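Q: Read off the chains here:
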Amino acid sequence: MKTVEPILLSGNLAEAYAIKQLDVDVVAAYPITPQTTIIEKISEYVADGELDANFMLVESEHSAISSCLSAASAGARVFTSTSSQGLLLMHEILFITSALRLPVVMAVANRSVSAPINIWCDHGDIMPQRDVGWIQLFAESAQEAYDKLIQAYRIAEDPEVRLPVMVNTDGIILSHTYEPVFLLEDSEVASFVPWKLYPLRLDPENPLTMGAFGYPEYYFETRYQSAKALEDSINTISEVDEKFGEISGRKYGTVSPFRCEDADVILISMGSISETIRATVRKLREKGEKVGMISLKLFRPFPFKEMISLVQDVKAVGVVDRAFSPGAAVGPVFNDITSALYLSKMSVPCVNFFAGLGGRDVRMAEVEDMFEKLKEVANTGVVKEHRYYVGLRG
Amino acid sequence: MIEIRWHGRGGQGAVTATQLLAKACVKEGMYAQAFAMFGPERRGSPVVAFTRIDKEPIDVRSNIYEPDIVVVFDTLLMQSVDVKAGLKPGGTIIFNTQSSPKELEKDFPGFKIGAVNATEIALNRLGVPITNTVMLGALVKTTRIVDLENIEDVVLERFNVKNVEAVKEAFDKTLVLEG
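In the order they appear, the protein sequences are chains A and B. Mapping to our numbering: the first sequence position 207 is 207, numbers consecutive. Mapping to our numbering: the second sequence position 66 is 66, numbers consecutive.
A few of these clues could be false.
Label pairs and their in silico Cβ distance ranges [stated by the list, open to error]:
#1 A/D23 <-> B/L156: 47 to 55 Å
#2 B/V128 <-> A/F95: 31 to 39 Å
#3 A/E44 <-> B/V161: 18 to 26 Å
#4 B/G29 <-> A/A365: 38 to 46 Å
Okay, derived cross-link-like pairs now, SDA-like style, lysine to any residue, Cα gap no bigger than 25 Å in a straight line [said to hold, decoys possible]:
#5 B/K55 <-> A/P257
#6 A/K287 <-> A/K251
#7 A/K373 <-> B/K88
#8 B/K27 <-> A/P194
#9 A/K251 <-> B/G86
#10 B/K88 <-> A/A279
#11 B/K27 <-> A/S248
#12 A/K251 <-> A/P194
#13 A/K20 <-> A/E44
#14 A/K290 <-> B/P57
#15 A/K228 <-> B/K27
#16 A/K243 <-> B/Y65
#17 A/K283 <-> B/K27
If you're looking for bench data, these hints aren't it; they were derived computationally from the structure. Source: prediction; values computed, not measured. Using N, Cα and C, we set each Cβ at its ideal position, and we do this for glycine too.
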């Protein structure tokens, strides 16, 4: 356990500091709120000689991710960062990055998508990236953003994994809030994520092809391998978290339960809203209410088994979605949770709460209302409404 | 947990003040969050920022609706903003004002009131009407939430000795009326 004093940093500045310590070779990015202060700070590090990296301020996010893909193909350690429309503009290249098994790491400061234009937090930008084949981690605090970014490189560069990783932090709520963060020593980061030259890279001395044509005879198998690699990566993700705990005293798990042991009802959520839910659970527990919560720390690959083991004896489950999946009956996270339940032959009543879109504040009182609705379901065994829109005006 | 809401205008440094206070609290071993309601910021437009302080790790991520302390950088804001909205009974409110706490009491009965002419101090000491460091001095005098020395340290790290002098002068000149 580290005993050094914490430093007051925003989520973005904590991530920028991690990138400096990770000694990345290439940073390619385009500014967009609320991500901008990450790359602003990194550009300062580079200009001041604190980070020896090639900093490319490119003309769009499409070019940013393409540059990262290319540099990673040549064996460089790369970083990019974006939000909202920027992430949407990267979309087509994200598939290629994962299929080429390139360990690109990206910090996403999660923000709503237009229209209407809105710079605040929700998960509307990340949900369209569910199927791009990237590992997707979620942080709840500046500390966790810093820690997860360091973990991300070790996961991505593991020879068993070789997949790109996104570290998601809620825009504004985490990216711009200043709070105490414990930092590792540079040497600790360097030995936790040692830089190695990967043998299968684009090298004029040893030519190979990347991104070749895939005939129907091979395409299916190639995509299967990528999908399988993503599913299997959960083992490495858990191991890296354990090892990180050994050097830092902090580990997070793929799912993080709180007071679930004897809970009748449980709320499941991702990102910063989990903190407010945890505070609400603590408050309700003091009143003797049997409530619990699970923070989903890993969205892809989805931790099916870990999730299921936590909801075995629960009478009702609520799932918070911070984005819509228009035209679908339910939200994206709810969809995964209920699939996990179905595959485990469990029929727990589930309720989907849509909350916090476009930066709409979610208060403890509203979380208490969600628990009230779940308790009603638990008591009656009947789900009257399977969707609630928290705080939506009529 | 102590929750503070700051009312300022774009350019007065309220957001920076929340960070400096949080930094001083962390120096004293406390946990803190400093954040703001970000929007399309324009110089002069109303700004709301927040600091949350606790001895335990903080896990609430919503805005602050029932603050223990409110800091008002500009009393003209009160023409458009209800600065005492949600302020806890017996809470504290600190003004940059030419008025005395006694004069403010009729509009803010039941609250502890701190009052300082921060604009005058800022103009004399810094040559600009940016009152964030001055208001930190007034906050410490009124609430004793952190040691003055720790505020001086973080102000010196971020700015310069003139700002530290402004903090000290504000501390000396702030008048406090117990609620």
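Q: If a hint holds in the structure, say so; if it does not, say that too.
A: Results of checking the hints against the structure:
no.: 1; hint: A/D23 <-> B/L156: 47 to 55 Å; verdict: violated (32 Å)
no.: 2; hint: B/V128 <-> A/F95: 31 to 39 Å; verdict: violated (52 Å)
no.: 3; hint: A/E44 <-> B/V161: 18 to 26 Å; verdict: holds (25 Å)
no.: 4; hint: B/G29 <-> A/A365: 38 to 46 Å; verdict: violated (31 Å)
no.: 5; hint: B/K55 <-> A/P257; verdict: holds (23 Å)
no.: 6; hint: A/K287 <-> A/K251; verdict: violated (29 Å)
no.: 7; hint: A/K373 <-> B/K88; verdict: violated (29 Å)
no.: 8; hint: B/K27 <-> A/P194; verdict: violated (33 Å)
no.: 9; hint: A/K251 <-> B/G86; verdict: violated (37 Å)
no.: 10; hint: B/K88 <-> A/A279; verdict: holds (20 Å)
no.: 11; hint: B/K27 <-> A/S248; verdict: holds (21 Å)
no.: 12; hint: A/K251 <-> A/P194; verdict: holds (20 Å)
no.: 13; hint: A/K20 <-> A/E44; verdict: holds (10 Å)
no.: 14; hint: A/K290 <-> B/P57; verdict: holds (23 Å)
no.: 15; hint: A/K228 <-> B/K27; verdict: violated (48 Å)
no.: 16; hint: A/K243 <-> B/Y65; verdict: violated (40 Å)
no.: 17; hint: A/K283 <-> B/K27; verdict: violated (28 Å)
This entry does not satisfy hints 1, 2, 4, 6, 7, 8, 9, 15, 16 and 17, going by the numbered hints stated previously.
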